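Student: Single-letter residue listing:
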Amino acid sequence: MHGHGERLEIKEDLEQIILVGNPNVGKSVIFSLLTGKYATVSNYPGTTVEVAYGTTTIGDKEFLLIDTPGVNSLIPLSEDEKVTRDILLKETPRAVIQVADSKNLRRALLLSVQLAEMSLPLVFVLNMYDEAKSRGITIDHRRLEDVLGVSVIQTVATRKEGIDEVKSKALTARNSSLRVDYGPELEESIEKVSKLLPESRANRAIALMLLSGDTTLTHWLHSNLSHEAIEEIEELVRECQRKHRGSIYYFVNKRRLEFIKKILDDVFEYRGPQESTYLETVGKLSMDPVWGIPVLLVVLAFMYAFVGYFGAQILVDFIEGVIFGEYINPFFTDAFALIPVALIRELFVGDYGIITMALTYSIAIILPIVGTFFIAFGILEDSGYLPRLAIMVNKIFNRMGLNGRAVLPMVLGLGCDTMATLTTRILESRKERIIVTLLLALGVPCSAQLGVILGVLGGLSLAAAVLWAGIVVSVLFSVGYLASKVVPGKTSDFIFEIPPLRVPQVSNIAAKTVARVEWYLREAVPLFILGTLLLFTLDKLGALILLEDLASPVVTGLLGLPPQATEAFIVGFLRRDYGAAGLFTLAKAGMMDPVQVLVSLVTITLFVPCIANFLIIIKERGIKTAMAIVGFIFPFAFLVGGIVNFVLRSLEVTL
Amino acid sequence: MKDVGENKIDELLELIWTLSETGNDSLNSVLADTEEEDAEKALEEMERRGLVEISGERISLTEKGRTMARGIIRRHRLAERLFSDVLGLEDKFIHAEACKFEHILSPEVTESVCTFLGHPPLCPHGNPIPKGKCCARFTKKMKPLVMPLKELEPGEEGRITFIAPKEHARLDKLSSLGVVPGSTVKLHQKQPSYVIRVGETDLALDEDIASEIFVKKKVME
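Chains as they are written, first to last, in the working numbering: chain A, 1 to 655; chain B, 1 to 221.
In short, the hints are calculated from the structure, not lab data. Treat the hints with care, since some could be wrong.
Derived DEER-like restraints, expressed as beta-carbon distance ranges [as the list claims (entries may be wrong)]:
#1 A:E258 <-> B:D33: 39 to 47 Å
#2 A:E187 <-> B:T67: 37 to 45 Å
#3 A:A469 <-> B:N24: 57 to 65 Å
#4 A:E258 <-> B:T67: 48 to 56 Å
#5 A:Y278 <-> B:E153: 18 to 26 Å
#6 B:H103 <-> A:L285: 37 to 45 Å
#7 A:K192 <-> B:T67: 38 to 46 Å
#8 B:E153 <-> A:G459: 48 to 56 Å
#9 B:T62 <-> A:I396: 50 to 58 Å
#10 B:R159 <-> A:L285: 40 to 48 Å
#11 A:L285 <-> B:K166: 31 to 39 Å
#12 B:F93 <-> A:P198: 33 to 41 Å
#13 A:E145 <-> B:D33: 57 to 65 Å
List of simulated lysine-lysine pairs, DSS-like, C-alpha gap at most 27 Å [unchecked claim]:
#14 A:K261 <-> B:K8
#15 A:K82 <-> B:K166
#16 A:K490 <-> A:K82
#17 A:K254 <-> B:K186
#18 B:K166 <-> A:K490
#19 B:K41 <-> A:K243
#20 B:K100 <-> A:K254
#21 A:K243 <-> B:K8
#22 A:K90 <-> A:K167
#23 B:K150 <-> B:K100
#24 A:K261 <-> B:K131
#25 B:K150 <-> B:K216
The structure presented is a predicted model; accordingly, all values stated were derived computationally and were not measured. Using N, Cα and C, we set each Cβ at its ideal position, and we do this for glycine too.
Using the sequences provided together with the hints, build the complete structure.
Tutor: Here's what the structure looks like:
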């Protein structure tokens, strides 16, 4: 939830070291330790969806360290896997550090075989050594070193054990001696295809990918080979597939696994299951069809108590009421009173002042809520609870053309929709990515907005809160259901890895929260100031009244709101939490009755989250899809608001 | 045991069937791919017996030929399953041995093998096994040794004998997570989703995927 993927001044001339490994094995922890730069670390597969860059010094030389999204196979099944594969094909690193989860050595070796086929210089890290040990697993790492022909290092990255050794041995990286024999027939085809490829170290690997029917290489082929060569390759692939009368990928994997089994027999020892710990018991309960629900309720209650009560009420009252209300705002108001120019005075401390509005909103109201949310969310992420939630909601999500895996971006959206939109990359089909992007943009309130909304609703009644949540959830569900019918494509399989439940580490939560708060300050506060300047200018030009008049058929007519609500909607186009904050002040000032509050909150919840989110939708889904999504959302938000208003008024509901 | 000429006809029927599975009905492909000598003569004989129809470049099975081919393919692929899943023979023996078996299995033995294996829908190479009467009847007189993972009870373990997915992509994905024939799986729960443990990995699956993974139940001591 911060700029993990940013490429701050990549130093092109540095030699590279690349971190690779299966998902959720601790690559990002090691990345952070080696670069001193925080990369988001959580306990679920797919935390890193973008490549992160940092520098690390080994000896007296600086290297560029690259952290890649986790992969199970170098024949990619999802976008984030493709990113990693492409880097490994394109770059010529000084070293590739493969990070393995010690207890899942088999899967790690499946990847090592493929890295060896790419002839990449390797170093092998057996991470989470402690967990393997507590599960009764021992690995003869000296013997593994002999088999792999590269350095093998044992680490417990979260406790920094073995990290110095990773550093000192990284430069011993060399090509692994692992080589799987795929039998005379396939070997012959590999040989033939390799000869047609441009000279490169990875020819064996590329030939295997092509023979296995990897279609993601098409682009690469066309930019590297002549038309004739491609046709010749295609013919060879067809011939080979005919001879094999079955999936080559499957055959190849089978041969690899047989090969690995022999290695494991030699180096891997498993002494029966240990007694189950209380964490395993809780882990089981959290995905149990019956107990899973009370566990979820406890989690939600904890979130509400910490974010909704402690953050949104106690902290906000203190910071807004005491710090800003009694000290900062009076201080600046007094200070600016000395400035004779009214315009400047009002720019900073007026109704639409940068300090009295932008900073008060963003720092005093939203920051405490966002901060407490980030802490609570970090605990959830690191515990490994979220993948278990995926299991609980899988069937419901199926109705929306999604599977349980989509719960990760959706819950992440409660933190920040922009980051969550990036995380849709872990979804395997385009259909799922579009639906989740749409739902995030439409109705998953981010922490900032959620906090403000809870703050407003807290002042109303429980009925209003339930009604708001009910309306938003039903809208999400109906739109998801309809989208699943409209968006072409299919839902991918639900085959989802569940990490063990772990006790979150305070240091990681702290680091993650700081990084995310920093990100919030950098991304959101400038937009708050921009929005305030916009309102200030419109107000001074007298255009605000004009706009309110223009919007009145919708705002006062359709929605039945006071004209001032227009201001909230205007800034809501920039950030919907800012819009919500505007409604918060209107509600506090007693300018709206409960029904109006509810109608306005529903409408602003259904707005596109913020400009940044919009830009990311363009980047991830393309301008056409982005425009379609936005073009649908805004009118739809007002329409739903109008319907809610009409129904509540007709039924004469009082809240 | 039938004479060699009959075996030749069986082999050609099998080949025409296999080619037609990939949509190929060209006479030249049959002649190019066959390992039989005097294939053209044998094909003429087959046409005379009303097993195939040849018109110009195209060759197709008649109703009678299809019935025969279906039986051969079924016996061949069931034999392959038996050799790979139960006997654990190496790939290179499987095809050759199955070629012998396809000629000698009687209908009764074929049904027993099919039931014993739990009516597998696909051969080890992923090609469909034509259904027999036993598959349609769904009789459970003989308790299948191999059953879908979804029929295990939570807490039970099984060894995967084969996976028969509707789509290949599913097989690829499962295999890259270590879910392959030979691995041992433990079923943790069935609701709200299937959760299994393979090696040290816990995986959640949809029910229909769990019904495509076939296991030999491990007997608890």
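Student: For every hint, state whether the structure bears it out.
Tutor: Each hint tested on the structure:
no.: 1; hint: A:E258 <-> B:D33: 39 to 47 Å; verdict: violated, 28 Å
no.: 2; hint: A:E187 <-> B:T67: 37 to 45 Å; verdict: holds, 39 Å
no.: 3; hint: A:A469 <-> B:N24: 57 to 65 Å; verdict: holds, 58 Å
no.: 4; hint: A:E258 <-> B:T67: 48 to 56 Å; verdict: violated, 38 Å
no.: 5; hint: A:Y278 <-> B:E153: 18 to 26 Å; verdict: holds, 25 Å
no.: 6; hint: B:H103 <-> A:L285: 37 to 45 Å; verdict: violated, 57 Å
no.: 7; hint: A:K192 <-> B:T67: 38 to 46 Å; verdict: holds, 40 Å
no.: 8; hint: B:E153 <-> A:G459: 48 to 56 Å; verdict: holds, 52 Å
no.: 9; hint: B:T62 <-> A:I396: 50 to 58 Å; verdict: holds, 52 Å
no.: 10; hint: B:R159 <-> A:L285: 40 to 48 Å; verdict: violated, 28 Å
no.: 11; hint: A:L285 <-> B:K166: 31 to 39 Å; verdict: holds, 33 Å
no.: 12; hint: B:F93 <-> A:P198: 33 to 41 Å; verdict: holds, 39 Å
no.: 13; hint: A:E145 <-> B:D33: 57 to 65 Å; verdict: violated, 47 Å
no.: 14; hint: A:K261 <-> B:K8; verdict: violated, 40 Å
no.: 15; hint: A:K82 <-> B:K166; verdict: holds, 24 Å
no.: 16; hint: A:K490 <-> A:K82; verdict: holds, 20 Å
no.: 17; hint: A:K254 <-> B:K186; verdict: holds, 21 Å
no.: 18; hint: B:K166 <-> A:K490; verdict: holds, 14 Å
no.: 19; hint: B:K41 <-> A:K243; verdict: holds, 25 Å
no.: 20; hint: B:K100 <-> A:K254; verdict: holds, 25 Å
no.: 21; hint: A:K243 <-> B:K8; verdict: holds, 20 Å
no.: 22; hint: A:K90 <-> A:K167; verdict: holds, 24 Å
no.: 23; hint: B:K150 <-> B:K100; verdict: violated, 34 Å
no.: 24; hint: A:K261 <-> B:K131; verdict: violated, 34 Å
no.: 25; hint: B:K150 <-> B:K216; verdict: holds, 12 Å
The structure is inconsistent with the numbered hints 1, 4, 6, 10, 13, 14, 23 and 24, although it conforms to all the rest.
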